[in-house]
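All chains should be built: construct the whole structure from the sequences, respecting the hints.
In case you want the letters, here they are:
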Amino acid sequence: MSTSTIILWIITLILLIFSWKKGADSIKRGTQLAWSTTKKNGLLIILAFIIAGFVNILSPKDLVTAWIGPDSGWRGIIAAEFFGTLLPGGPYVVFPIIAVLVQAGAGLGPAISLITSWSTQSLLTISFELPFMGWRFTAIRWTIGLLVPLLAGFTAVLLWG
Amino acid sequence: MRSFLKKNWISSLLLVVILILALIAYSRGGWHLIYEGIKNGITIFVTEIPLLVAAFLTAGLIQSLVKKEFITRWLGQEAGIKGILLACLGGGLIPGGPYVYYPIAGALLSSGAGLGVLVAFITAKNLWSVSRLPYEFALLGSSITIRRYLITFLIPPLLGILVEWLFGGYIQKIRENVKE
Numbered sequence: 004m005s006t007s008t009i010i011l012w013i014i015t016l017i018l019l020i021f022s023w024k025k026g027a028d029s030i031k032r033g034t035q036l037a038w039s040t041t042k043k044n045g046l047l048i049i050l051a052f053i054i055a056g057f058v059n060i061l062s063p064k065d066l067v068t069a070w071i072g073p074d075s076g077w078r079g080i081i082a083a084e085f086f087g088t089l090l091p092g093g094p095y096v097v098f099p100i101i102a103v104l105v106q107a108g109a110g111l112g113p114a115i116s117l118i119t120s121w122s123t124q125s126l127l128t129i130s131f132e133l134p135f136m137g138w139r140f141t142a143i144r145w146t147i148g149l150l151v152p153l154l155a156g157f158t159a160v161l162l163w164g
Numbered sequence: 038m039r040s041f042l043k044k045n046w047i048s049s050l051l052l053v054v055i056l057i058l059a060l061i062a063y064s065r066g067g068w069h070l071i072y073e074g075i076k077n078g079i080t081i082f083v084t085e086i087p088l089l090v091a092a093f094l095t096a097g098l099i100q101s102l103v104k105k106e107f108i109t110r111w112l113g114q115e116a117g118i119k120g121i122l123l124a125c126l127g128g129g130l131i132p133g134g135p136y137v138y139y140p141i142a143g144a145l146l147s148s149g150a151g152l153g154v155l156v157a158f159i160t161a162k163n164l165w166s167v168s169r170l171p172y173e174f175a176l177l178g179s180s181i182t183i184r185r186y187l188i189t190f191l192i193p194p195l196l197g198i199l200v201e202w203l204f205g206g207y208i209q210k211i212r213e214n215v216k217e
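Residue numbers (our numbering), protein chains in the order written: chain V, 4 to 164; chain Y, 38 to 217.
Each hint should be verified, as a subset may be incorrect.
Claimed, not checked - Pairs of lysine-lysine, DSS-like flavour, derived with a Cα cap of 25 Å:
#	chain 1	residue 1	chain 2	residue 2
1	V	Lys-31	V	Lys-42
2	Y	Lys-104	V	Lys-43
3	Y	Lys-210	V	Lys-43
4	V	Lys-31	Y	Lys-104
5	Y	Lys-104	V	Lys-24
No wet-lab data here; the hints were simulated from the structure.
Right under this line is the structure:
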């Protein structure tokens, strides 16, 4: 069992105790929410893992290293940002795919640029942003936000090379 | 067919990606490589199950502990730097996807929140998010997650302040933009 698994289960236990102190209802609601998310996204998760499996087997190491490898510099960080805006779906879809890219040789800077870009710049999220916030807000937030993945990726390279 | 695609378009998109990858695998090693790819994916999935269960439970419990009405009420009243910092905290705590936080941001916009507050809220939701953290931790590992978190920690408040300073005066136009 990995350290991440143990730490995550400890957090789960703490939250369970905390919810239990707040009343049995919190635990019930929490586990129900967890189950409904699992049911809603179960198929997506399996599909995402199959994609990860294929990427693993096809091992596009040369391709990944050339584009977003540790020595890809600015170009890699920008390519990762661009790729990040295109990634669809929630964390359970996106993170397994990013994990495989990291295993296939993506550098730390591009990896962080990729995660950040999917988080703040995802083009699919804009379809939710536009109706609620209007095009002016969306344009301002998205355009200024383009700096964020670059900055994050570059800081990662500066700090941890 | 169209309504099916509309409802399941992310699955459909992922299926298309899988088909493309399967074609590449087939051209390189025939059916055997396709089988290997699927087997590899399922194997990683099965090894990740203990982590995934914990991640889903953590996210669900956080969701049930943090009420969104509470966050909306709490954020509608503050402005300035304090408002931006509170917005970051609210954004970091609020669980759920874009179909949850954009309606809230929209409600905050129409109830008078400033531009910096709204940008800080959305950015913190996407970079600080406590409920997304378990998945990132489980699937990407602690080393990348901790570094990613540290690096992007200052971004939500700074971006809020920057945007407020640059474009804060446009908030009335932005509000009318939504009402149209």
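Hints, verified against the model:
1. Lys-31(V) with Lys-42(V): 16 Å, holds
2. Lys-104(Y) with Lys-43(V): 21 Å, holds
3. Lys-210(Y) with Lys-43(V): 38 Å, violated
4. Lys-31(V) with Lys-104(Y): Roughly 15 Å separates the two Cα atoms, so the pair holds.
5. Lys-104(Y) with Lys-24(V): With Cα atoms ~17 Å apart, Lys-104(Y) and Lys-24(V) stay inside 25 Å; holds.
Of the hints listed earlier, the one the structure fails to meet is number 3.
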